[in-house]
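K.L.:
Sequence:
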Amino acid sequence: MAESADSPALILVDGSSYLFRAFHALPPMTTGRGQPTGAVRGVISMIRNLLNKYPGSRVGIVFDAKGKTFRNDIYVEYKAHRPPMPDELRSQIEPIHRIIRAMGLPLLIVENVEADDVIGTLARQADAANVSTLISTGDKDLAQLVTGQVTLINTMNDELLDPPGVEAKFGVPPERIIDLLALMGDKSDNIPGVPGVGAKTAEKWLKEYGSMRAIIENADAIKGKIGEKLRDNIEQLELSYLLATIRTDVPLELGYGQLERKDEDKQELHRIFSELEFRTWLRELEAEGVTAAPEAEQAPAAEMSPDDEPQSETLPQEDDEPPPAGTESTVVTSEAQLQDLLAELRAAPRFSFNLEVEPGHFLDARVVGIAFCARAGKAAYIPLNHDYEACPELLAAEQVFAAVKPLLEDALKPKCGYDLKHQMHFLQNLDIELRPVKSDVLLASYVVNSVAVRHQLDAIGRRYLESAPKDLESLTGKGRGRLEMHQLGIEEFGAWAAERADTILRLTGVLERHLRDNGHLEGLYRYFEMPLVSVLQRMERKGIKLDSGALGRQSAELAEQLEEIEQSAFALAGESFNLSSPKQLQALLYDKLQLPVLRKTPTGQPSTAEDVLHELAENYELPQLLLRHRSLTKLKSTYTDKLPEELHPETGRIHSNFQQAVAATGRLSSTDPNLQNIPVRTAEGRRVRQAFVCEPGYKLVAADYSQVELRIMAHLSGDKGLLEAFSRAEDIHRATAAEVFGVPLEEVDPEQRRSAKAINFGLIYGMSAFGLGRQLNIGRAEAQQYVDRYFERYPGVRAFMDRTQGQATDLGYVETVFGRRLYLPDLHAGRGVLRRAALRTAINAPMQGTAADIIKQAMIDIDMWLESEPIDARMLLQVHDELVFEVNENDLQLLCDGVRFRMISAAALDVPLVVDVGIGDNWDEAH
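Counting in the working numbering, the sequence shown runs from 70 upward without gaps.
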């Protein structure tokens, strides 16, 4: 595989590939008038980058023409399964073409063929003339065009593919790519191939027989069901070969030698960039003295966004008139009242809604009623499933949901809610798909300040409205006499539910003003948190399969091990005792056995905390057993015993709840069950992961960012040494060891690497020399020498830490690369220990928060891709820096490639992002 390429004489750009990748991989953007521009900016940015990289080359930009091609005449089902192009993408094609022409670049669009065929024809012309050619594309089909003179550059990862590179990537040389594609088919183009033949089988046959033609001639020698499928589908295989073959003989008005760059029409570029509000590129032109043509009608000047990106959909402005105090509530129990309410909701600029649901699993939720609010101060509640002795006759739930379904599914009708992810689950149980999903009070509060409150609706209301609905317990009561929701009177409960809907509508306006005050926060809310809601809802609904039998066997084994540990502990202590009782442990360890007291509790008792036991375990055997007992007890109670109880009886899968608004740094967390803390470094913990399995015919794929926080540190600090180490793809811990210990890279020993790893990760978490010394089991003075040497070699890191802590002290918060604010209230705490902890957190929070933002963007991009392409795969889990998927074996390579690309493309840092992808029948194998 080529590592680099000299400047080619000719560059052919697969514009259609650029178009779809830009649309699906980048956040949506619009002008102030609502015109979509994200794909335009993405495509033109990629073209500009290519031109800057290869300034002297001829260039041809090729796009698909509208309508069908000759392949549709051959096979009517060719690409027939693809959904229509979204209007928001279609509307961006013409502006892209206008800009390309204004840039003076040749634009080729040929009817009845695809862009691939035009590129193939030009590449063959150039190859015949011995002209070096670079094809820029994300389409694997074009690998069939690679020769000694024709190279591919993959838009997914800037990977250059020459003939050896093609063979390394696909397992076959370029001249056999068509054979490979014909055998395995292509779901994205609806090329049938041979059923059951995937990339591995096709590669194996081609290596054994040499070509597709030879495989057909030897079809009788291929045994088993796969041989039968081959023999039954020879005609289909021939058809697939024809469909997969890129034409190289298309009649063209321009040959490769006529692809000349012309002078830019800078006035036209200025006009287009003004229309599309591309302010950075406008400033570049204006710096060259280019101004608007006198007759050009300029777009109205808009406020600059902090990151100099075009503003997209802006949050609606609220009326200045203050809303009335209190909530006037109506309980809807008649058809006439329902129709009046629907008319009011339709007429309102937007409305809030909230389904009130009995506690329980979201797949089984019982909806008690639904509240709406179209105007602050006036709300309505529709009771549906109340059941008590004097309850009046209610509207039928089916009737109500049939009536509100069109309104809730209307993508053009703005609506707002609280915790929309759960609301979407409740609605989907009723066959209602909420649209649009754009306004959630829970997430708006979280983005404005993740640590200000715990983000329950009443807490948010008290903070921003100085009022909130009363606690539900004031209606239901507590303890044994507690009533369920459906047992409450509709008037009393209806007033409470209506006030909640009113609170949601009021908070929406208030929080949106807070978001508008900081464009970065508004962008995070619109482009990260809100799109992620649907992603997480789909993940939760899919769930993951669990081998409960395997966990049952492990649980029995753990019980035996715990019994053995207890007996060993009793023998060492000379008596039996409760290993889980702090009081008994204090008496045993410190009174009877006279172990040294290393630390005391706030009440003055000798501590038996885990870190204390770890320190004691360095010299005493009993604390070692106690730690082992605690570890296995937690594993048994939390996972091997508990996880099988979490299986849903209808799906047979675990459906964890992924929470967006809990972790202060922006990280996701999970509950019911918590999958974030399963141990991965112990054999027992890995066995728990082995119980997470896939369906027959599928695989689990785990994609994990490699050392992402260290890479973010390199980006944020700008330290030259770190940047160079990552750019050279060096083992960063080995590179750090070489710098700190002053030895050549190749002479770093395992112990030095281990120490360097502790330094790298310890310092980004604000670890002191004292903490580092304890971790490495060395003296504080020696640890301080390591730290001093590290900062001597990487001075940019020290400067970043000082700068970050200074910002935190001055402003009370730090920020991620994407502008997420991470507030640190303990910076002003009265206790010094809390202030020091907050300063340590200030160092790490930007890295943790940026890592969270990056993986959220990746999840959004991947989900959009999976929803738009015919790939039999689903995202199942997000754990720290890892994503887990379940994929049909036939789509395995397609998924792996697509996921890796979208994860490494989720952010443009000064160092490359690296993603490790694993495959297995269970989570542990894939990790």
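Treat the hints loosely; a few may be bogus.
In the PhoX-like style, the derived pairs of lysine-lysine whose C-alpha atoms are separated by at most 25 Å in a straight line are [unchecked claim]:
hint, residue 1, residue 2
1, Lys122, Lys294
2, Lys335, Lys294
3, Lys294, Lys331
4, Lys669, Lys711
5, Lys652, Lys669
6, Lys294, Lys273
7, Lys122, Lys135
Each pair of labels, with its calculated beta carbon distance range [what the hints assert, rightly or not]:
hint, residue 1, residue 2, range
8, Gln636, Gln663, 38 to 44 Å
9, Pro939, Leu311, 19 to 25 Å
10, Asp616, Ala134, 19 to 25 Å
11, Leu641, Ala528, 48 to 54 Å
12, Leu641, Gly548, 42 to 48 Å
13, Arg585, Gly787, 57 to 63 Å
14, Gly296, Lys611, 30 to 36 Å
15, Thr349, Leu903, 38 to 44 Å
16, Glu478, Lys611, 26 to 32 Å
17, Glu427, Gln663, 54 to 60 Å
Bear in mind the hints are in silico, worked out from the structure with no lab data behind them. Where a beta carbon is used, it is the ideal one built from N, C-alpha and C, also for glycine.
K.L.:
Check each numbered hint against the structure and report the violated ones by number, ascending.
P.N.:
1, 2, 3, 4, 7, 8, 10, 13 and 16
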